[in-house]
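Trainee: Each chain, written out:
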Amino acid sequence: MKRTILVVDDARVMRNIIKSNLKDNDEFELFEATNGQEAVKQYDEIKPDLVTMDITMDVQNGVEAAREILSHDPDARIIMVTALGQEKLLSECIEMGVKDYILKPFSKDRIISAISKALNGGSAK
Amino acid sequence: MNADSIDTTLVDTILATFSQVFSSLFMIETNRGKMSFKTDDFDGYEVAVVTGVIGENHEGVIAYRLTESTARDLVNAMDMEDEMSSYGEMFFDVIGEWMNILAGNISTALNSQGTKLYISPPSIIHGSDYTLQLIQMAPLMVEMRTPAGKIGVHFAIKKIFHKDLEIHS
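Residue numbers (this note's numbering), protein chains in the order written: chain A, -3 to 121; chain B, 840 to 1008.
Calculated from the structure, these hints are not laboratory results. Ideal Cβ positions, reconstructed from N, Cα and C, are used throughout, including at glycine. The reader is advised that the hints may include incorrect statements.
[What the hints assert, rightly or not] In silico DMTMM-like links for lysine to aspartate or glutamate, alpha-carbon gap of 25 Å or less:
no. : chain 1 : residue 1 : chain 2 : residue 2
1   : A       : LYS104    : A       : GLU28
2   : A       : LYS19     : B       : GLU928
3   : A       : LYS19     : A       : GLU41
4   : A       : LYS104    : B       : ASP912
5   : A       : LYS43     : A       : ASP54
6   : B       : LYS877    : B       : GLU898
7   : A       : LYS84     : B       : GLU895
8   : A       : LYS104    : B       : GLU868
9   : B       : LYS955    : A       : GLU83
10  : B       : LYS989    : B       : ASP880
11  : A       : LYS15     : A       : ASP45
12  : A       : LYS84     : B       : GLU898
13  : A       : LYS19     : B       : ASP912
14  : A       : LYS19     : A       : ASP105
15  : B       : LYS955    : A       : GLU88
16  : A       : LYS15     : B       : GLU928
17  : B       : LYS873    : B       : GLU885
18  : A       : LYS15     : B       : ASP912
19  : A       : LYS15     : A       : GLU25
20  : A       : LYS(-2)   : A       : ASP69
21  : B       : LYS989    : B       : ASP882
[Stated by the list, open to error] Derived coverage of chain B by chain A (criterion: at least 3 residues anywhere in the stretch with Cβ under 8 Å from a Cβ of chain A; other residues may be distant):
no. : region
22  : 854 to 866
23  : 939 to 948
All chains should be built: construct the whole structure from the sequences, respecting the hints.
Mentor: Take a look at the structure:
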């Protein structure tokens, strides 16, 4: 059975990069959201196995969206994706229970390893 | 900024970070080219990205100038799904992401050296008929050479002393 991944980022290019890094793997089925609010709605509908979540987004940012998703589903697997310089927000996310984080720019190996680890029960906390 | 007031540590760190981020993001190597106080070397380049800089001891602007052709190559290098046809739509996305990532990396690199600096989100100018006038000082221009074309990095950063300013990153 395929593992479902919800890719959340307001920049289409970043969503494309993540999808492109994962598309060779038949194991994954990919969904997209362009802001936190859409991510929460889609999470409730799809119940994905994993979410990659950008931090800085309009409408609702990734920290708020992660908090809302985890309040609905404490077992949600969320990986934060961010640039350097957001360390305080990342600490907040790790405290609230996200599984890992990836710093931009990232390599294909890094994102695949973070996703595999999170899907297999690893945690950043 | 003039020859007597160049903060070489700041400039070197920013350019080294520029090269690292550029290489990771676009898989394109950069080499440092000539350096000058001439302001018109990149006139006619169709893309300018301007970021504000404020810190405990510095304030000013860093601007990046490149041709449309270079920008197109960068968009294609970064966007793995929608080559060429979507250049227009992806342009601001790619340049914006590049600059946001660069800003975070520069701030972190400088912070690790004890220099606290905040870099604003980028303002992007796209067009052939504009004049870029930075703050009332002769900006230092450093040419970064890439296989996709030259990129001009313009530093108009002056040293300041804010007694009560705290920068939170």
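Trainee: For each hint, tell me whether it holds in the structure or not.
Mentor: Hint-by-hint comparison with the structure:
Distance check on the hinted pair: LYS104 (chain A) and GLU28 (chain A) sit about 18 Å apart at the alpha-carbon level, within 25 Å; holds. For a cut-off of 25 Å, the pair hint linking LYS19 (chain A) to GLU928 (chain B) stands: about 22 Å separates their Cα positions. Proposed proximity of LYS19 (chain A) and GLU41 (chain A) is supported: the alpha carbons are some 22 Å apart, at most 25 Å. Of the supplied pair hints, the one linking LYS104 (chain A) and ASP912 (chain B) holds, its CA atoms being roughly 21 Å apart against a limit of 25 Å.
The straight-line distance between the Cα atoms of LYS43 (chain A) and ASP54 (chain A) is roughly 23 Å, inside the 25 Å bound, and the hint therefore holds. The straight-line distance between the Cα atoms of LYS877 (chain B) and GLU898 (chain B) is roughly 21 Å, inside the 25 Å bound, and the hint therefore holds. A hinted pair counts as satisfied when its Cα atoms are at most 25 Å apart, and LYS84 (chain A) with GLU895 (chain B) qualifies at roughly 20 Å. Proposed proximity of LYS104 (chain A) and GLU868 (chain B) is supported: the alpha carbons are some 18 Å apart, at most 25 Å.
For a cut-off of 25 Å, the pair hint linking LYS955 (chain B) to GLU83 (chain A) stands: about 14 Å separates their Cα positions. This hinted pair checks out: LYS989 (chain B) and ASP880 (chain B) have alpha carbons roughly 11 Å apart, not beyond 25 Å. The hinted pair formed by LYS15 (chain A) and ASP45 (chain A) meets the criterion: a straight-line CA distance of about 15 Å does not exceed 25 Å. A distance of roughly 24 Å separates the Cα atoms of LYS84 (chain A) and GLU898 (chain B); the hinted pair therefore holds under the 25 Å criterion.
A threshold of 25 Å between alpha carbons decides the hint, and for LYS19 (chain A) with ASP912 (chain B) the separation of about 23 Å falls inside it, so the pair holds. With a CA separation close to 13 Å, the supplied pair LYS19 (chain A) and ASP105 (chain A) stays within the 25 Å bound. Between the alpha carbons of LYS955 (chain B) and GLU88 (chain A) the distance comes to roughly 22 Å, so the proposed pair stays at or under 25 Å and holds. Taken as a hint, the LYS15 (chain A) and GLU928 (chain B) pair is honoured in the structure, with Cα atoms around 18 Å apart against an allowance of 25 Å.
Straight-line distance between C-alpha atoms of LYS873 (chain B) and GLU885 (chain B) comes to about 20 Å, which keeps the hinted pair within the 25 Å bound. A distance of roughly 21 Å separates the Cα atoms of LYS15 (chain A) and ASP912 (chain B); the hinted pair therefore holds under the 25 Å criterion. Taken as a hint, the LYS15 (chain A) and GLU25 (chain A) pair is honoured in the structure, with Cα atoms around 10 Å apart against an allowance of 25 Å. Taking the CA atoms of LYS(-2) (chain A) and ASP69 (chain A), the gap is near 20 Å; set against the 25 Å cutoff, the hint holds.
Restraint check: the Cα-Cα separation between LYS989 (chain B) and ASP882 (chain B) comes to about 12 Å, which is no more than 25 Å; the hinted pair holds. For the region 854 to 866 of chain B, the stated coverage by chain A is satisfied: 3 residues place a CB nearer than 8 Å to a CB of that chain, which reaches the threshold of 3. Given as covered by chain A, the region 939 to 948 of chain B passes the check, having 7 residues with a CB less than 8 Å from a CB of that chain where 3 are the minimum.
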